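Trainee: Here the structure of chain A is known, so what remains is to put chain B in place on it, guided by the hints.
As you go down the protein sequences, you meet chains A and B in turn. Those letters in the first sequence? Residues 1 to 309, by my numbering. Those letters in the second sequence? Residues 1 to 169, by my numbering.
For the record, the hints were derived by calculation from the structure and aren't laboratory data. Values in this document were obtained by computation on a predicted structure and should not be read as measured data. No residue lacks a Cβ here, since even glycine has one placed at the ideal position from N, Cα and C. Hints are not guaranteed to be accurate.
[To be verified] Rough simulated footprint, nothing fancy, chain B against chain A, three-plus residues with beta-carbon under 8 angstroms: (1) 28-37; (2) 40-48; (3) 51-62.
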Amino acid sequence: MQQEDDMKWAKWLSGNLPKEESDDLSQSEDGKQLQSFLQSVDKLEMPKLDEDLAWESFVSKSGFPMKEEDVRPPTKVVSARRWLWAVAAGVLLLAVGAWVFSLLGSTTVSTLYVEKAEHTLPDQSVITLNSDSRITYQTRGWEENRLIELSGEAYFEVEEGSTFRVKTEMGEVTVLGTSFNVRNRNQKLEVFCYTGKVRVSGAGNQSTLTPGEGVVVIQDEMKTMEDTATKPSWTRGTSTFKNTPVYEVLEEIERQFDVKIVHENPDTLYNGGFPHEKSIEEALNIVIQSIPTLTYKETGPNTYRVYKK
Amino acid sequence: MEGAPNISDPLLFRSLFTQYLGAIRNFIYYKCGDLQLAEDIAQESFIRLWQHADKVPEVKAKSFLYRVANNLYLDQVKHQKVVLKFQQRPSKQQDSEDPAFHLEVQEYQAFIERVISELPEKSRVVFLMNRMEGLTYQEISDRLEISVKAVEKRMHKALIIIKKHKLPI
Chain A
1 MQQEDDMKWA
11 KWLSGNLPKE
21 ESDDLSQSED
31 GKQLQSFLQS
41 VDKLEMPKLD
51 EDLAWESFVS
61 KSGFPMKEED
71 VRPPTKVVSA
81 RRWLWAVAAG
91 VLLLAVGAWV
101 FSLLGSTTVS
111 TLYVEKAEHT
121 LPDQSVITLN
131 SDSRITYQTR
141 GWEENRLIEL
151 SGEAYFEVEE
161 GSTFRVKTEM
171 GEVTVLGTSF
181 NVRNRNQKLE
191 VFCYTGKVRV
201 SGAGNQSTLT
211 PGEGVVVIQD
221 EMKTMEDTAT
231 KPSWTRGTST
241 FKNTPVYEVL
251 EEIERQFDVK
261 IVHENPDTLY
271 NGGFPHEKSI
281 EEALNIVIQS
291 IPTLTYKETG
301 PNTYRVYKK
Chain B
1 MEGAPNISDP
11 LLFRSLFTQY
21 LGAIRNFIYY
31 KCGDLQLAED
41 IAQESFIRLW
51 QHADKVPEVK
61 AKSFLYRVAN
71 NLYLDQVKHQ
81 KVVLKFQQRP
91 SKQQDSEDPA
101 FHLEVQEYQA
111 FIERVISELP
121 EKSRVVFLMN
131 RMEGLTYQEI
141 SDRLEISVKA
151 VEKRMHKALI
161 IIKKHKLPI
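Looking at chain A on its own, in the form it has when it is part of the complex (with noise of 0.2 angstroms):
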C-alpha cells in the first residue's frame, strides 16, 4: 500500500488508477488545482526546431560526404515518432502514409485513399491499415484495456496478452493472441481469422472462429465463409472479392485509386480481384470486363462513369 502510495498522483495522471479512487483524487483540492495548472502547462508550446537550419550546419560541421540534395529527410515528418514506415517484410505496399495524433492519452491512426499503413501498438501488436480506414485506442493503460475502434478494414497480428477487443459499428470481434481481419464497409463486417481464436459477436449472434474460416455479418444475420489464405490479399497490392456486389468493389477501386466512380449501383455478384500496383484503366478492364451487361468510359480526370450497355 505504502508502495502504491508513492506514485499515486502519476497513476491518477496516467489513468491507471481504479475508477473509484481516481474519481476522489480528481475531485479533491489538490486534484482540482492539479488539473488547472496542467491545462495551463498544456496550452505552452515548445520553442520551434528548424531541422533543415540544424542539418545544413551539422553536414558543414562533421564533414558529412552527401550534397544536401542528395539526402533528403526520409519522408516529410510530421512528428519523427509517429511517422510509419509500413514497408513490412515482403509486404508490397504502395503509397504510404498515415496520420497519426494523440490526443489525452487516445492515439488515432488514419489513412486516405491510395494510402495504406502499418502501426504498431503499445504491445508490438501490429496493424496493418487498409485505404481510408481509422483506428482509435488508447494509450494509457494500454496493456490492461487493449481495445480499437475500427472503421474501414485492417488487419491486425496480435501479441498474447489480455483480451484484445475490436470494436465496430456492426460489432465485436475478441481475441487473445491471434491474427485476423477486420472489414466493415457498407453495413456489413466481414471478419476473418488465419492464427488462433477470434469471437465475433454481432447482430445478436456470437461465433468463434479458427483459422481459415469468417464471418459476414450484414443487418442481423451472420454467415460464415472459408478461405485457405494465409494473409489477407490486400496486404499484397490485390483486393480479392468473393460473391462480392460490383458497386463494392468499384467503390474498393476509388478508396485504391483515388478516382471517383459514377455508377447506378449495378448488384451483379462479382468473384475475382484486381492488383494496386497497376493502372486505374486495368483494374476497371478486369472487373468490368467480367460482367457482360457492363461498360465504362473515363468521364474526366480521374472521374469514369460505369454504365449498362
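Mentor: Quick look at chain B alone, frame taken from chain A:
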C-alpha cells in the same frame, strides 16, 4: 557487425538525425532551460555519432546520443539556474484587448515557468516529456532507459511539488 545495419550509410544516418534531433534537444532543454545550449549539444552529439558511425550499430544509436548529450551537458553546466521559456499557444480566447488580462496571462505563465524550473531535474525532464511531447510513461521509460516505475516515481514527485504551490488567481 555482419548483417547489422551500419549507420555510416548516409541515408540511414539522415533518418536518425530526423528521428532524434528534436528529442535530444528537448531532453537537454528540459534540464537547463537554455535553448541555444540545448541545440548546440544536440548537434555536437550527432557530430560525435558520425565520428563513431562505423562502430555504433543502429540499435545503439539512440542510447549513444543520449549518453553523449548528457555528458556534454554535465561538462558545460554545473549549477546553472534553470529558466525555461515557452511560447503561449495561440488561442482565440486570448484575443481580449484588455491590457489587464494580458498582464494576468503573462504573470500566470511566469508563475508556471517558475514552478517548473523549481522541480528537481529528473522529475522536470519526465514531467515535460509527458506534457510537452505527450509521451506515455512507457515511451519515456524507453527514451531514458529507466523502468516505468522510475518514471512514475519522478512524475509523482513533480506533481507533489506542483501541488504545494498555491496558484495566484
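Trainee: Could you work out which of the previously given hints the structure breaks and list their numbers from low to high?
Mentor: none
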